[in-house]
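Undergrad: Heads up, the sequence shown is in full-length UniProt numbering, so the first residue is 1 and it goes up one at a time.
Since the hints were derived computationally from the structure, they do not count as laboratory data.
Careful, some of the hints might be misleading.
With a straight-line cut-off of 27 Å between C-alpha atoms, the simulated BS3-like cross-links for lysine-lysine are [claimed, not checked]: (1) K164 to K138; (2) K164 to K444; (3) K164 to K319.
These numbers come from a predicted model, not from an experiment.
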Amino acid sequence: MNRASRTWHSVAQSAVVAAVVVCTFITAVVVAVSLPAAQAAASPTSTSVAPAHCSPPAAGAGWQTATARQAGLDQRRLDDAIAFAASRMRTFVQVFRNNCLVGNGPANQLTGSTPWNLFSSTKSVVSMLAGIAVTHGKLDLDASIARYLPAGEVDRAHAAITVKDLLTQTSGLRQSIVTEAATAGLDLDPDIAKQALALPVTHQPGTFFEYTQHGPDLHAYVVQRAVGEDLQSFAQRELFTPLGIESSDYYWARDRSGHTYGSAFLYMPPADYPKLGMLMADDGMWGSTRIISHDYIAALRTPSPANRCYGYLFWLNAKPCTGPSFPSRKTIDMAPLEGLPSDAYAMVGLLQQNNFIVPSLGLLVSWTGVLGDVSPDPATVLSAGVNSELYHDFFRILIAAFTSPRLPDPGPYRPSVNLDVDPMQFTDPSITLGALGVGPYAPKNCTVVSCGTTPLRAPFQHNPGCFAIACIPVPPGSPRSVTGGSG
1 MNRASRTWHS
11 VAQSAVVAAV
21 VVCTFITAVV
31 VAVSLPAAQA
41 AASPTSTSVA
51 PAHCSPPAAG
61 AGWQTATARQ
71 AGLDQRRLDD
81 AIAFAASRMR
91 TFVQVFRNNC
101 LVGNGPANQL
111 TGSTPWNLFS
121 STKSVVSMLA
131 GIAVTHGKLD
141 LDASIARYLP
151 AGEVDRAHAA
161 ITVKDLLTQT
171 SGLRQSIVTE
181 AATAGLDLDP
191 DIAKQALALP
201 VTHQPGTFFE
211 YTQHGPDLHA
221 YVVQRAVGED
231 LQSFAQRELF
241 TPLGIESSDY
251 YWARDRSGHT
261 YGSAFLYMPP
271 ADYPKLGMLM
281 ADDGMWGSTR
291 IISHDYIAAL
301 RTPSPANRCY
311 GYLFWLNAKP
321 CTGPSFPSRK
331 TIDMAPLEGL
341 PSDAYAMVGL
351 LQQNNFIVPS
361 LGLLVSWTGV
371 LGDVSPDPAT
381 VLSAGVNSEL
391 YHDFFRILIA
401 AFTSPRLPDP
411 GPYRPSVNLD
421 VDPMQFTDPS
431 ITLGALGVGP
441 YAPKNCTVVS
451 CGTTPLRAPF
461 QHNPGCFAIA
471 CIPVPPGSPR
481 SVTGGSG
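Construct all of the structure, not just a fragment, from the sequences and the given hints.
TA: Printed below as a string of structure tokens:
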């Protein structure tokens with residue numbers, strides 16, 4: 001591709017992304033003005049009817065559905081919760097109770113088939129793949145990462161990092177979450193595994209929580225080495241195909257050496273995204289098939305000693321809670337999903353791409369969109385905080401819909417604001433320069449054109465129109481409709 005063609009290609013991609021953002025905003029505004037405002041309701045009347053139970057969909061089939069009444073929910077209050085979510089730029093919303101689809105967002109038919117960047121929810125998918133590798137006996141969480149990496153690639157300091165340290169974000173690697181993600185978004189990374197191993201270890205592994213991007217990237221490479229095949233091939237056969245997610249549905253970005261990103265950039269249709277949450281809600285089972293072991297799911301949901309609201313690349317509903325280091329590292333004495341039972345946990349991606357899982361209630365809420373939080377904390381608005389106004393007010397409305405069981409009102413939202421700004425917590429020019437083969441964090445023998453003896457592909461080569469937020473056009477074979485409704 002000549003320079004003019006590359007320039008036009010870049011401009012076209014930028015135009016596509018802008019169009020997606022504008023369309024998302026327009027959809028949210030239309031939904032907001034066309035639906036009734038949602039309000040928190042008093043505790044509903046209890047019912048003696050046991051909530052309905054459904055099975056996960058077979059390959060090619062749609063979701064089994066139930067009415068709100070059959071699921072132990074009040075229809076009006078459920079509708080209010082979904083209307084609230086839609087008014088907050090949630091362009092795709094689905095609510096499940098005991099695997100039964102009980103509610104759809106009003107824009108689902110328009111947005112459900114467009115592959116959407118799950119951002120940091122990709123980290124949770126990589127955790128699920130680690131769980132499958134553990135279930136198959138191919139990965140030891142307590143082992144040093146050096147066991148799985150090529151000889152000579154890991155020095156003594158990095159050999160102290162275990163697989164579990166990468167899962168709990170306690171690797172000790174120097175982090176700078178915005179800078180780390182920026183080179184990935186610009187498709188500049190030469191080799192994310194080598195880039196991670198070139199970062200200094202600034203804390204004793206296993207002792208200090210610090211949210212990173214290159215840690216999960218390295219973890220994805222470790223899992224790939226452990227299973228002995230390309231990570232995406234393993235994911236398709238062992239995770240996506242059993243759930244009915246076709247390889248043509250999604251796009252998962254790689255670095256310029258061909259390694260799959262573990263931190264973000266899995267673009268998946270919102271209509272497929274709830275399947276990942278349902279697998280977790282069902283304790284690693286898909287129907288009668290065990291995909292992830294019970295023991296791994298239990299460990300994944302166990303608070304890390306270094307951060308009680310974080311498990312294995314999933315956010316947990318426990319306190320105190322330390323969030324990502326944006327605009328600085330802060331710990332608050334508050335659970336991320338106050339008002340929900342303590343067993344609630346979530347897949348969380350930038351701009352609020354979420355699967356909320358509450359096993360004790362049989363509840364799964366899946367949504368995607370752009371922003372929508374009006375918390376006074378800018379970190380929370382971006383979903384980099386742990387006290388979300390959007391989450392709290394949505395679940396306060398949804399909790400009021402439960403008739404079996406009845407749940408207490410969590411009360412009004414209590415904002416928490418982090419006014420401490422430490423740019424070195426989230427930006428580090430040395431990490432950017434390292435991706436270009438310059439400076440102290442540059443991987444050995446990596447430049448902008450090659451890494452070792454391997455030439456690097458050109459940026460954005462083979463990208464099927466996926467950039468930043470979404471993929472346009474929709475890949476052939478993506479889900480074309482969202483099956484079922486609230487009745």
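Undergrad: Could you run down the list of hints and mark each one as holding or not?
TA: Taking the hints in turn, this is what the structure says about them:
| no. | hint | in the structure |
| --- | --- | --- |
| 1 | K164 to K138 | holds (14 Å) |
| 2 | K164 to K444 | holds (26 Å) |
| 3 | K164 to K319 | holds (21 Å) |
Hint check: no violations occur; every hint is consistent with the structure.
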